[in-house]
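Asks: Protein chains in written order, with the numbering used here: chain A, 1 to 434; chain B, 1001 to 1434.
These are calculated hints, taken from the structure and not from any lab test.
Under the rule of at most 25 Å between Cα atoms (straight-line distance), these lysine-lysine pairs were calculated in the DSS-like manner: (1) K1095(B) <-> K95(A); (2) K93(A) <-> K1093(B); (3) K43(A) <-> K127(A); (4) K160(A) <-> K127(A); (5) K1028(B) <-> K1043(B); (6) K1093(B) <-> K95(A); (7) K1095(B) <-> K93(A); (8) K117(A) <-> K93(A); (9) K1043(B) <-> K1127(B); (10) K43(A) <-> K160(A); (11) K1043(B) <-> K1160(B); (12) K1127(B) <-> K1160(B).
Covered stretches of chain A (chain B as the covering partner; in silico rule of three or more C-beta atoms under 8 Å from a C-beta of chain B): (13) 119 to 130; (14) 244 to 254; (15) 339 to 345; (16) 390 to 403; (17) 407 to 419.
Here chain B is said to cover these stretches of chain A; the calculated rule only asks that three of the stretch's residues, wherever they fall, bring their Cβ under 8 Å from a Cβ of chain B: (18) 218 to 230; (19) 285 to 291; (20) 363 to 373.
Note that CB positions come from ideal geometry on N, CA and C, so glycine has one too.
Protein chains: 2
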Amino acid sequence: MRIVAASEFELKREVEYGSPEQNEAVRKIITAVRAEGDEALLKLTQDFDRVSLNRGQLRVTQEELQAAYGQVEPSFLSAIRQAADNIRVFHQKQKRNSWMDLQPDGSLLGQVVRPLKRVGVYVPGGKAAYPSSVLMNVIPAQVAGVPEIVMVTPPATGGKEGINPYTLVAAAEAGVTEIYRVGGAQAVAALAYGTESIAPVDKICGPGNIYVALAKREVYGDVDIDSIAGPSEIVVLADDSANAAYVAADLLSQAEHDEMASAILITSSASLAEAAAAEVDRQLANLPRQEIAAASIQNYGAIIVVDSVAEGIGLVNRLAPEHLEIMVQEPMAVVGMIENAGAIFLGPYSSEPVGDYFAGPNHIIPTNGTARFSSPVDVDDFIKKSSLIYYSKEALLQNGSTIMELARHEGLEGHARAIQVRLEQEGTLEGDQS
Amino acid sequence: MRIVAASEFELKREVEYGSPEQNEAVRKIITAVRAEGDEALLKLTQDFDRVSLNRGQLRVTQEELQAAYGQVEPSFLSAIRQAADNIRVFHQKQKRNSWMDLQPDGSLLGQVVRPLKRVGVYVPGGKAAYPSSVLMNVIPAQVAGVPEIVMVTPPATGGKEGINPYTLVAAAEAGVTEIYRVGGAQAVAALAYGTESIAPVDKICGPGNIYVALAKREVYGDVDIDSIAGPSEIVVLADDSANAAYVAADLLSQAEHDEMASAILITSSASLAEAAAAEVDRQLANLPRQEIAAASIQNYGAIIVVDSVAEGIGLVNRLAPEHLEIMVQEPMAVVGMIENAGAIFLGPYSSEPVGDYFAGPNHIIPTNGTARFSSPVDVDDFIKKSSLIYYSKEALLQNGSTIMELARHEGLEGHARAIQVRLEQEGTLEGDQS
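Same shape as in the complex, but just chain A (with noise of 0.2 Å):
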């Protein structure tokens, strides 16, 4: 793994937009689904998944998901259950109540907090499941009070007919109310326009291929959707008292998932970063994922040797990493100055992955530099809040002549008229009829 000076390292940012080929496919098939609801589903399930179904397959059914129950093994299910509870308990402390501030002149203001109705969660079906990316969609939005949550998810699994049982139970466990076979861009049109089978929801989230990212955009502002995320990023802050091999095992864990992830050791410690390096080479050699791994250590991975833990963070805070493990002599001392990071892991214990599965913040975190001004999937991101406000007579006999003077500042008399129309019928203004 190769070590560079932090004068010549620049994290490399890739985002996919996607063809105009393939903008244009997606938007064939949304004008699709809009015009035709089910059968356009049915026929681009046919031509893109390879499997005939009929409308009344589309929705699996309370016996198919009893069925997956008897397909994964007792230890999944009770791992499953115990990370949904850490999940859960995590999340129950983001809730927040409505509130009112009630006024002595007898005016009342508030925020009214609501969950949305109903929800989309896309589910991709590819050749791996995972069940963890389904608790951390759904979870936040049943504990906001979401009471429609809907799962989408392709009808064939890595080409074999069929949706993963891993995923299903993990749908269940987690509070799904609905789950449709159906995928692509077409099952996103479906969730924000709705068929006949498929009521059209609020909000869409969940990662997808690039066909999925595009539709989401392009039915954004008709419905909500997530953030599109980029590959994956961890940043490891260290000096000369952490463990060379967790250190490389960490950055190891994150370059798995994508030849494009990117797994960056920033180091006080020359002798940690040499040893990291020999670690990274030789935990490599025999990983089942070397080759993706290797792709992404080689072409986005870095080790930065920098004079302190000091100009480390400044490095840090330059870089919002999406991951930050800190693994310093006094990693609690470090927390505050830390500016940008979606998730901050601390001490030689709290390894990604803890947080990846179990631990019970979010894996769904801000990558591509953006957790400088957004936030890890939280409980805020399924409710919606309105502003209440109830004006007493007092209180707008007592302040209606000010509103009435910025209102005409703004040459918007007819804002003005607004109050005074009232204060007029209510006897304390003279003057003539508006």
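We have chain A already, so just place chain B on it with the hints.
Replies: Just chain B now, with coordinates in the frame of chain A:
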């Protein structure tokens, strides 16, 4: 004003995406500013605003700010200060603390809440100045704790060189820390990417013309942006207890904003429908912005008679209006049934301008039906959250094998090994070195 049946009514929604030429022009401006910095800003300001500036004149000085205070009426200053106080008090109630959850096994999970570091607010330079809009964009950022709040605004107001003094005073009162005289897409580019004189920001908000909106969309991802607002909307839900003159005045206060604004009365009372329609015509007759309001009422306005307040509520929830006024006998008994509305005004004295200018809740509210899934601007728009995970050795030893099981079910052996290497070295797991 036309009275229509609920079944015949569909709200027209129009969103401007810009022509290909406008998009191309905006991209060129952004490219120029990224390449040439201040020099491009000064040249584009000369071209578009017909104002010659040198680099030293870009930033508004303290002396100019002081001079602006001398140009506004004391009553305006007092009014804007009262409004700013109310807005600050309301938004302070939205603030959230970082929190942590200490576990008995020595672990700590938490969520760090931090303000964005630097925010840019665009203020248009049209004929009318909207100091209230400055307050509504700036104060939530200031309450969130954003240390650097930058305002940009064109160097000429309605063709006359100089920035409107009401805007400058509102900016100073709201807590803006830097002001630059630059507008249009070039100002957005400067905020997004920085120039020699203007440091880049993390988020850009505030209204603007189509070029400003397109530029914001173009830079989104490199920085955060607020949502791009559609035309303003009001729905008044009223029964026969409502005062027709109040209803009409409130409809017109919305209609005078913009020819595309929409003002809709939904009422269970046929007599109120008739009376309000007549009042609208009467009040329109001597409204200064009569032409605009009449066009809005003509094209986007409607009075809808429903069979019951309950039917009206159903229609409101489908429309998801930006502003909702509820003028029925017992408005508090209705508010719990409102699922979708950006801001809710209750009773006869809560005229929309109360909220537009003064009461405290934000007046930047989701339009175009997006109140189904989004919220008025608030403190949350100017913070970011990071997850915090500190796992103790005990917690890792306790849960390590469960985490490994979940990772292996997803085919991510590298994730499992990041845990395994620790369990091995800490002596609780036998097996090969990985």
